[in-house]
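These protein sequence lines map, in sequence, to chains Y and B.
Numbering of the first sequence is given in this note's numbering, commencing with residue 7 and proceeding in unit increments.
Numbering of the second sequence is given in this note's numbering, commencing with residue 48 and proceeding in unit increments.
Honestly, the hints are just simulated from the structure, not real lab data.
Don't be surprised by glycine CBs; every beta carbon is placed ideally from N, CA and C.
One or more of the hints may lead you astray.
Straight-line C-alpha distance at most 25 Å; calculated BS3-like pairs for lysine-lysine [as the list claims (entries may be wrong)]:
# : chain 1 : residue 1 : chain 2 : residue 2
1 : B       : Lys338    : B       : Lys225
2 : B       : Lys380    : Y       : Lys947
3 : Y       : Lys754    : Y       : Lys731
4 : Y       : Lys1107   : B       : Lys380
Restraint ranges, calculated between C-beta atoms of paired labels, are given here [unchecked claim]:
# : chain 1 : residue 1 : chain 2 : residue 2 : range
5 : Y       : Trp897    : B       : Asn212    : 30 to 40 Å
6 : Y       : Val971    : B       : Thr144    : 21 to 31 Å
7 : B       : Tyr179    : Y       : Trp897    : 38 to 48 Å
8 : B       : Asn257    : Y       : Leu57     : 35 to 45 Å
9 : B       : Asp276    : Y       : Glu324    : 33 to 43 Å
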Amino acid sequence: MSFFTMDFAKKKEREMERKLRANDREYNLSFKYATNAIKTSKYNVFTFLPLNLFEQFQRIANAYFLILLLLQLIPAISSLSWFTTVVPLVLVLFMTAAKDATDDINRHKSDNHVNNRKVNVLINGQLRCEKWMNVRVGDVIQLENNQFVTADLLLLSSSEPLNLVYIETAELDGETNLKVKQALTVTGDMGDNIHKLAAFTGEVRCEPPNNRLDRFTGTLINGGQKYSLDNNRILLRGCTLRNTEWCFGLVLFGGPETKLMKNCGKTTFKRTSVDRLMNVLVLCIFGFLAVMCTILAIGNRIWEQRWGSDFMVFLPREDGVNASFSAFLTFWSYIIILNTVVPISLYVSMEVIRLGNSFYIDWDRNMYHACSDTPAEARTTTLNEELGQIKYVFSDKTGTLTQNIMTFNKCSINGKSYGDVIDCNGQRLEITENTETVDWSFNPLADQRFSFHDHSLVEAVKLESPQVHNFFRLLSLCHTVMAEEKKKDELLYQAQSPDEGALVTAARNFGFVFRSRTPESVTIVEMGEQRSYDLLALLDFSNVRKRMSVIVRSPEGKLCLFCKGADTMIYERLHRSCSKLMDVTTEHLNEYAGEGLRTLALAFKDLDEEYFKGWQQRHHVASTALEDREEKLDLLYEEIEKDLMLLGATAIEDKLQDGVPQTIEQLSQADIKIWVLTGDKQETAENIGYSCNMLREEMDDIFIVSANNPDDVKQELRNALNTMKPGAGEEATFMPVSSLGSKIKEVKDEEVAGEYGLVINGHSLAYALDHSTEMLFLRAACLCKTVICCRVTPLQKAQVVELVKKYKQAVTLAIGDGANDVSMIKAAHIGVGISGQEGMQAVLSSDYSVAQFRYLERLLLVHGRWSYLRMCKFLRYFFYKNFTFTFVHFWFAFFCGFSAQTVYDEWFITLYNLVYTALPVLGMSLFDQDVNDTWSFQYPKLYVPGQLNQYFSKTAFFKCALHSVYSSVVLFFIPYAAMNDTVRSDGKDIADYQSFALLTQTCLVFTVCIQLGLEMSYWTAVNQLFVWGSLTMYFAVTFAMYSNGMYLTAPASFPFIGTARNSLNQPNVWLTILLTSILCVLPVVAYRFLLIQLRPTINDKVMFMVRQAKATPAPRTRRAQVRRSSTRRSGYAFSHAQGYGDLVTSNRFLRRPAIVPTSGFSLLGRTTGFSPMGRSAGYSPTGSAQNNRPQHVEATSLQMFSTELDHSF
Amino acid sequence: MPKKELETANRPDNTAFTQQRLPAWQPMLSAGIVIPGFVLIGLAFIGIGVALFITSRNITVLEMDYTGVETSSDCFKCSAGTIPNCLCNLYFTLNDTFPGQVYFYYGLTNYFQSHRKFGVSVDAYQLSGDTYYFTNPLNVCAPYQFVNGSIPIVPCGLSANSMFNDTFKLYQLVNVSKPVPLDGRGIAWWSDYNVKYRNPTTTPLKNAFNGTIKPPCWPKPAYELDLTDPSNNGLVNQDFLVWMRRAALPNFRKLYRRITGPDYASGLPPGNYTIEIAYNYPTMIFNGRKKVVLSNVSWMGGKNDFLGVAYLVVGSLCVVMSIVMLIVYATFKFPEDG
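One chain only, chain B, in its complex shape:
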């Protein structure tokens, strides 16, 4: 027998793999699959589209521009940026109840937070509370790395420096201005607040910042962002975190506060309201707009009609297409003829 083995020493193995005979599923774009497939997808999409559209329609949004471009606006006086600590008011009236949990957003337009340099100019080590980087910020933070070339900036970088610093207070006008309680806790992502950003463990916090300086645009240093709540101060300030989560698109809104309080738990009742704005942030110079947005949310998030409409359109197109394909198929009947 060894002789026989020798004779076939070079014979290739007979396996499904080497002989390219692996069992396989060979789908084909046949009429039986494609046309019903299109109908099914079409119908499903129309269904999803209707649900999304109705949901989106039921979300209430109140959006008010307070940039102060028009002279009639109360904020016009502040828009020039000449008055320090300028305060202005924004009045609005609700005819119906603003239902559900109401969120308070500020919005900016024409603001390129998506610019690459905003993304680059961040010192992740510093923001994660590494004190070495407090005194030695990364070069990427330039030109907001040092002041006068030697005093390190904390938090350094373009992104931090440009933090939005208008503040808002909401009053319901019932005879007297009744402040509507705004809750600023938990407006940032849990992971940002608990993992990504950390304060140094130094107590008091202020000492960690010794030898550093606040970013040039900031009115006060980081350790004074919220003196009332140590867990919302320094580098884990929620407003700061929200700002640092930079927007993808030039027009964006960011969560400012949640409206809370026993009177407003199920929405804002009808009536007159005013928002007192500490107008600090300059946007007029780059033709940006500042907005205040009140909104409630649904299972699909904030108001966005697009998704519903898109599903409806695509679903309808699928159905139309399936009819076209059916007609073509019936006419040509490939491949019976071929």
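Just chain Y, same shape as in the assembly:
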């Protein structure tokens, strides 16, 4: 990818302006524009080997081993045979190459898939079905409904009036609503006339390819006339054509030059904090290696001086080698020998472990969502252990915490509350799946999916109580929903917000069926009788009004105003006579709000004909006024919406996903902070905060920051900070900077007594994220238990994540389901997508995907924790094992004249990491668990060590190294002393080098095996097999290597012939092995035992409890959700955008009910029904901010491999 983008960058540097002529391939070919074929693959059959090897050797570790290999080829230096390095290196290169090859094959496949999509192209006056990749710049192509846009096109004509087309840009910028593009009239007039289109020879001059999605400039010259082109005429690749039968377009940019592709490949390559630490450590190790080698080189210099020069009778120096030069050579020889401190297998093993642990995530049944048949998926296999270190979770609301399903749950009509199921004793019953639902058979038009449990309401409807009828009449009349009736009596509602859909559906089921509308009328079926109401006025919703009204004339000619809105708004406008009903209804509202339901109050008013006529006149004047139209209208609305009669209230449940409050509770128990970042309104967000138990009544304070200028925001944050922590300084305390060369300061975690919450809205957040205020915001937010940011744009979501990443040494996780979460998912250390929902954008750019929010708990507390634990155990053990192995050489140097003589047999050195110790440690890292998942849930505190990096840190590494030094001393000096001047029991030699080597390496193998046993806390049969198998393997291989047969085939390669049988039959050898391995391990046992006694960790405590319990504990008791005391009232929970009312009353809208262009280009959210399809997220769809950070999302190969593509960036 990088290669090819660079190529293009070079080639196209000079392209200042793009010129092309429609239907003139020859002319266009002269510019050598890119064709529409895309290529995300890196290799082909011939380039694979050289390119892949070249890339692999760019990795530091591989390059290091290549250098070692080269060093080994110099005879004067070579202290080890070539095969000790070549065998592991080849193995590693081969494995990586195999992985890269499969990845690239997949990329080829998906490239082919995309390139072979078919599209109609106008060639030689005929429409021909061509593959995408054969489309050229300048071609005219025809798109059909629901087709992907093939390339960046200039829209020529469409099937729709005014040459409009509707496109969905979700894959480009993450917005799910439709956008409108309009062709120039001059081209639009061609329509679908093939002859005219084929004869079209317009010339386009436009900007060169770039990645700005929101901008385009160019001109079209046709018939001598110049027309200017802007973004409004352009269809970008990656969009989908919707609600448009067909359209024609002229290809401007193809394949790699499209704006979509220009936005690709900027995904940052994510690495885990363990990776980063490893890099530092590896550098330290290299430094340490250099120090060791220097010491040994100096030792060699001294030895050569004092002994070597006298010893020249038997050990003559080569020509031109003096003591100093010999020391120089020795330095390099020891670099070769001691290279095992950073064994190449380390990196391979880490990858294998991560891969294994990723598979566990894919395989986990407890994270499999049966309803949607979606298992969890680890889309990235390199970040597992990071899941065990999460400190901050940033969550989207809609679709993530909630199901984005609104259900009509309860209502209060004329002072009576409906919706609860009461048993014969008057006790309220818990509603479960088995509770009997209301039978809708009386109503043929009912929506069977709608369920309601309280039969009394149906009875009330059947009793024809006027209030109840008015209540539902209001619901069926006062809304902006569109109805579609494809088959008779099969109604499909298209609601702008799921709330409205729920209300209208409720009315429908209770016998007030909204059937159709025209701009002037609404037709409903009232208890089986069709009636048409004249729609005289629609007083639309706005954020300030928080209510909407309709004025209708009934078939009987009665004028009536129906109003629904936020209770606060309605109550101010009620008639005095309602005061008693108000009190009762208020009680109900409080009750509903207390249960986390979204409430609306409903009211109506009969209108006087005369008065209304006057009002209507003024309304007409006002709505055509050129100045202050809004204000004038508002005044008129105010005027008529008063002295209303209260009807009752509705309560809609914004259904949380299963287990969300419990999950949040568990995560906060694990010291994970959850911030909700949502595009929703503040009230809705707060509401959800309460129902998720994130905000609680008993919190000491909840700060709401909703100021509109920077100073106020600053002041509010400062106040919050001072309330939480009186006397908190202006300046944050910074952590002492420790990491290498990083200039970023890190803010210390502060502690605060009490629980606080912070709610901040998008406007304030924009100021809070300003450079001068961000620190204040961060400090205040981090002191709070809960942070909710509402009305935030996708860009702001990412900014919040970046802010925390920048100043906190903490691992962040972002979880979301929609395209608006893509930026945050990419920004966070770990991105989690909710799968199985409408869009796949979030999932495609995520690292992990789960079907439900509640699986996050298992993903973090079980998989994350285990992965982290395993990785850390692995690293600690791996370093121990190799340091011990290597340091023995260091001690031996003092007894072999610093000649870089290895202690072990070369075969042992080759096979130690690959064969003798590879599987046991892999077994540990794939199977180990300190306590099982049930206990992990029971004690979420077990997660905390991960956040604090306790299992593997510089200190832990240093301890490892010290332990290794001790072990290596024992491993060398015990055999040394035990074998000194001794002989076999038949008097023959045993203190020879080969026997000594065998003895030491056997001790080493035993020691590391026992040490592994100590580390391992979960011995499965596989582990046993691996450990014992490896020991057996060691002896089998050793005896085989030292056998006559091997020697006779290659005498030079197997010089250790006979050593095993001559040495391993001696009791003193075995006694030495026993002593050495026990002595290496016993102090560790004692130290650990004492540590458990004196300073037990949380793990020790829980493990002890597990032992005590023996059996698994009783199923964990989910904390029953506490009903909140109802002191607060929920706000108006309408998630409309303003201005929808205009559409309802406009003619254009009705021709094609789904979407409507209103004044100019202001776009509207579109949702189809209230099935979990629509999004009520309310960030401004017209704002330009979110386009600054475009999310490339084509559901093709582009993302799947983007992580791999970027090493070289």
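Chain B: place on chain Y using the hints.
Using the frame of chain Y, we list chain B on its own:
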């Protein structure tokens, strides 16, 4: 039913492995295991230590330096290395019987046979009797690959060239010097003698060495190492094999002969002895010492007090440690409180 299958097509398998529920043994460092474990290991080690220590103490070793550093030594005259074929004597007296099978070793100190170059500079093919390598020794043998750049050395290499070439004869002084029979057969490893080193099949052996030259330090060529016994000659000479099994540490001893003969089968009787040494090997220049060692062996090999002492110390430490741990455990009693 196919519909139902379809619905759960993605459901992961429910196996103990995929669900990470493999049955496992979960040991823990609890007081009930650790403290008794330490006591047991401690006691066992003390037991082994006592046995080893007593065994080692019962092994008799007689070690005599004959480098000739002191002027009083008979070998002083030879130590300068100026007299060719210098002979010197080493006298010693045994007051008690030297019991058991007695082994005759020579020892060297400060001698870095463990130096990497000794290990490298060997031609395994040549030593396994491949005559091609007689005329074409491997480069690793340099600088003892060729003499004058063309005549190949057999056996080539540093290791072979530096072969120890002092010889010893042991006499018991009973009125006259009565030679004590020394057996040089079977002093090398069976595998070295039978597999690793081979003579070429050429007969006579000497012909195989045509066109080659002896290593510079050797007084005589390989095929003349033992003219009396063809099976101990050439590249399978036992002394050569013993030498080629290079020592791991700078101070080492190597088996020279076994003391045999009907009179000495159960040990050397008390009395005066002399060792007649053909002093050839230079060690003074690199401050090395040459020793003669007489020793008998036990089941645990030669005399080595270290192992016994180490077992005793470690065993005692274990016992002490277990007491400390018991005290700590009794004091803190984790985790009853936690």
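Hint by hint, here is what the structure shows:
A distance of roughly 22 Å separates the Cα atoms of Lys338 (chain B) and Lys225 (chain B); the hinted pair therefore holds under the 25 Å criterion. For the proposed pair Lys380 (chain B) and Lys947 (chain Y), the alpha carbon gap of about 23 Å is at most 25 Å, so the pair holds. A C-alpha spacing of about 15 Å is found between Lys754 (chain Y) and Lys731 (chain Y), which places the hinted pair at or below 25 Å, so the restraint holds. Only pairs whose Cα atoms come within 25 Å are accepted, and Lys1107 (chain Y) paired with Lys380 (chain B) is accepted, the gap being roughly 12 Å.
With their beta carbons about 32 Å apart, Trp897 (chain Y) and Asn212 (chain B) fall inside the hinted range of 30 to 40 Å. Checked against the hint of 21 to 31 Å, the C-beta distance between Val971 (chain Y) and Thr144 (chain B) comes to roughly 48 Å, which is inconsistent with it. Between Tyr179 (chain B) and Trp897 (chain Y) the CB atoms are about 40 Å apart, so this pair conforms to the stated range of 38 to 48 Å. One distance hint, 35 to 45 Å for the beta-carbon pair Asn257 (chain B) and Leu57 (chain Y), is violated here, with the actual separation near 57 Å.
Taking the beta carbon of each, Asp276 (chain B) and Glu324 (chain Y) are about 38 Å apart, inside 33 to 43 Å as hinted.
In this structure, the earlier hints numbered 6 and 8 are contradicted, and the remaining ones agree with it.
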